[in-house]
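J.: Could you build the full structure based on these sequences and the hints that come with them?
Number of protein chains: 2
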Amino acid sequence: MSRNICVYLNFLTEAHREKIQKAAARAGFQVRFFVKGQFEAARDWVQTCEILYSNSPRLLKASPAALRWYCCSSAGVDPYCRDVSLFPTPDCMLTNSNVYGATIAEHVVMVLLMMLRRMPEYEKIMAGRSWSPSDPLSPIRSIRDNTFTILGTGDIGSHVASSLKGLGAAKVTGLCRSGYSSNPVWDEVLPISALDDVLPRTKNLVMALPSTPETVGILSRARIARLPSDAYLVNVGRGTAIDQEALADALNSGALAGAALDVMVPEPLPQDHPLWETKNLILTPHVSGNMTLGYTCDANVDAFCADLENYAAGRPLAGLVDRSRGY
Amino acid sequence: MSRNICVYLNFLTEAHREKIQKAAARAGFQVRFFVKGQFEAARDWVQTCEILYSNSPRLLKASPAALRWYCCSSAGVDPYCRDVSLFPTPDCMLTNSNVYGATIAEHVVMVLLMMLRRMPEYEKIMAGRSWSPSDPLSPIRSIRDNTFTILGTGDIGSHVASSLKGLGAAKVTGLCRSGYSSNPVWDEVLPISALDDVLPRTKNLVMALPSTPETVGILSRARIARLPSDAYLVNVGRGTAIDQEALADALNSGALAGAALDVMVPEPLPQDHPLWETKNLILTPHVSGNMTLGYTCDANVDAFCADLENYAAGRPLAGLVDRSRGY
Numbered sequence: 014m015s016r017n018i019c020v021y022l023n024f025l026t027e028a029h030r031e032k033i034q035k036a037a038a039r040a041g042f043q044v045r046f047f048v049k050g051q052f053e054a055a056r057d058w059v060q061t062c063e064i065l066y067s068n069s070p071r072l073l074k075a076s077p078a079a080l081r082w083y084c085c086s087s088a089g090v091d092p093y094c095r096d097v098s099l100f101p102t103p104d105c106m107l108t109n110s111n112v113y114g115a116t117i118a119e120h121v122v123m124v125l126l127m128m129l130r131r132m133p134e135y136e137k138i139m140a141g142r143s144w145s146p147s148d149p150l151s152p153i154r155s156i157r158d159n160t161f162t163i164l165g166t167g168d169i170g171s172h173v174a175s176s177l178k179g180l181g182a183a184k185v186t187g188l189c190r191s192g193y194s195s196n197p198v199w200d201e202v203l204p205i206s207a208l209d210d211v212l213p214r215t216k217n218l219v220m221a222l223p224s225t226p227e228t229v230g231i232l233s234r235a236r237i238a239r240l241p242s243d244a245y246l247v248n249v250g251r252g253t254a255i256d257q258e259a260l261a262d263a264l265n266s267g268a269l270a271g272a273a274l275d276v277m278v279p280e281p282l283p284q285d286h287p288l289w290e291t292k293n294l295i296l297t298p299h300v301s302g303n304m305t306l307g308y309t310c311d312a313n314v315d316a317f318c319a320d321l322e323n324y325a326a327g328r329p330l331a332g333l334v335d336r337s338r339g340y
Numbered sequence: 014m015s016r017n018i019c020v021y022l023n024f025l026t027e028a029h030r031e032k033i034q035k036a037a038a039r040a041g042f043q044v045r046f047f048v049k050g051q052f053e054a055a056r057d058w059v060q061t062c063e064i065l066y067s068n069s070p071r072l073l074k075a076s077p078a079a080l081r082w083y084c085c086s087s088a089g090v091d092p093y094c095r096d097v098s099l100f101p102t103p104d105c106m107l108t109n110s111n112v113y114g115a116t117i118a119e120h121v122v123m124v125l126l127m128m129l130r131r132m133p134e135y136e137k138i139m140a141g142r143s144w145s146p147s148d149p150l151s152p153i154r155s156i157r158d159n160t161f162t163i164l165g166t167g168d169i170g171s172h173v174a175s176s177l178k179g180l181g182a183a184k185v186t187g188l189c190r191s192g193y194s195s196n197p198v199w200d201e202v203l204p205i206s207a208l209d210d211v212l213p214r215t216k217n218l219v220m221a222l223p224s225t226p227e228t229v230g231i232l233s234r235a236r237i238a239r240l241p242s243d244a245y246l247v248n249v250g251r252g253t254a255i256d257q258e259a260l261a262d263a264l265n266s267g268a269l270a271g272a273a274l275d276v277m278v279p280e281p282l283p284q285d286h287p288l289w290e291t292k293n294l295i296l297t298p299h300v301s302g303n304m305t306l307g308y309t310c311d312a313n314v315d316a317f318c319a320d321l322e323n324y325a326a327g328r329p330l331a332g333l334v335d336r337s338r339g340y
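Each protein sequence line maps, in turn, to chains E and B.
Residue 14 is where the first sequence starts when you use this note's numbering, and the numbers rise one by one after that.
Residue 14 is where the second sequence starts when you use this note's numbering, and the numbers rise one by one after that.
Warning: the hint list may mix true and false statements.
Remember, identical chains collapse to one label, so a pair may be satisfied in a single copy or spanning two.
List time: in silico DSBU-like cross-link candidates among lysine-lysine, alpha-carbon distance up to 35 Å [claimed, not checked]: (1) Lys74 x Lys292; (2) Lys32 x Lys74; (3) Lys49 x Lys74; (4) Lys292 x Lys49; (5) Lys74 x Lys216; (6) Lys184 x Lys292.
Because the hints were derived from the structure by calculation, they are not lab data.
T.: What follows is the structure in structure tokens.
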């Protein structure tokens, strides 16, 4: 009996499919591709498969007990870790795709510069066909010689740190569970337990955490209050990490200078949600890791092909997620 | 008789004044400081001076024949090069302050990322409390692996090149009169005469040119037409460099993907100017070299103090402008 792979993804180009075909052939697998609108055909084919490469909880739930590996094309896999019933068996492996750091880092640099350089205020001035602010703007600030605290030192956090250093940042501090990173880009890496001490000296806080029981609500009302009133906040991890009501209060009262959220709870935000009217807040609709960037799509496919080689050789998978830990 | 310096500037802090005082004392000079609202007092004092550090054509014009050196606190000195009658004598030296590269490079990175990542479209979507575009947006692009053409390889152009390389740009091409730069940041430096050949392969064009007879209108209608329709344009030099009517036509017709102008003709733009209604255009009110950035102000004062030491020692001034050339 043949060994089969099901790929149910929308972003693949012809070149990506060829690359996957070749990697599958080398590993002794047959592969079929499906896109949006072909769910039923994908569900039929997956019944014959031991590998599924997709980002569809629904298709995973319809997979057979013979499925050994689910390769998720996204980085955040909290829906899969929360709901064990999605998997056909408890020992079906889950990998995620840690390939979004490059594009998310550019989003973070963009929104940090927009806040530091007061771009939303200038946009408002120019929209009114005016040239000067009615009140003088506070001084602009710079990435150069500035300091940054980054929650999460994985693929995303490390790319953000590297971009900021490339633009002349003076100091980039990373926080993660272990308090250790082998990546030389960090000026300092501390354990998450140091967060309360780090917040009062934080000028710019970037959050790039997965959603896990330990990170839900980690930026609580009490912790937001520990940030200086001229600090900026960016969240590109998961919306669950922040007490949104406390954040809105801090921004509206001026207890925090500004924030840029690409992730929120819930998504999309309902029409009457208070975040829409919060001051000094830049909102984007969960696009920082946009799959339209060729670089990201290429890296996603490359990571799957590399792990397929690992899988066929019986080696550990590079993207393996500890489902109990959540990342 | 004492040798005197007049400083007429608004951005100086107490620390800056002390630094200038000390440098002046070392060089055997007495210095007095004036700010906005003290023009008459400054004019009286400058009658006794051989050095003026300011950015006031009016005060320069009121200066005595004994003035030997006018240190201009801005980078662009086109008003001074255009009007020789501002100077008390033809051989009064003019220096400019090439210290804006760091802050202007951050502005360029910000607006490039906003265009590449389609931020103005997302801002519009979110302003309507919507989550998804009604039409799918074109794919976002990235600084990483992208290529850039920079007109002007001076302090500003070099800082822009360095920031883009720090963010993973694949290739940065500089163009300048000589076609040569000793700065290793450039992947390629070409003479301005190669511009027509370079434009068709330009994905992102950054203009950082002084206003001189040779640069006025350099981005003509014919040259705008040579740019690919998916190219982006940023101008942080002088508004005179671009045929604005041709640029508006190209943006409105989709012959060019987007532009970000921090400099225009005239400034401020009149209420009924067509640029206010031009599509895919980000306007900022000449703030890319904003003097509110501490780094820029510090560097400005440091450059003056260093040249004061040169002046006192009879050495050539580092910031000396060739008034006939215009920079």
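J.: Up to 35 Å between alpha-carbons, please classify Lys32 paired with Lys74: within, between, both or neither.
T.: within (27 Å within a copy, 70 Å between copies)
J.: Within a copy, between copies, both or neither: where do Lys184 and Lys292 come within 35 Å Cα-Cα?
T.: Intra 28 Å, inter 39 Å, cutoff 35 Å: intra-copy only.
J.: Within a copy, between copies, both or neither: which one fits Lys49 and Lys74 at a CA-CA cutoff of 35 Å?
T.: within (17 Å within a copy, 71 Å between copies)
J.: 35 Å Cα cut-off: does Lys74 pair with Lys216 within a copy, between copies, both or neither?
T.: Answer is neither: 44 Å inside a copy and 44 Å across each miss the 35 Å cutoff.
J.: What label fits Lys74 with Lys292 when the C-alpha limit is 35 Å: within, between, both, or neither?
T.: neither (42 Å within a copy, 46 Å between copies)
J.: Could you place Lys292 and Lys49 in one of the four classes (within, between, both, neither) given a Cα distance threshold of 35 Å?
T.: This pair counts as between: shortest inter-copy Cα distance 33 Å, intra-copy 38 Å.
Checked against the numbered hints given earlier, the structure breaks hints 1, 5 and satisfies all the rest.
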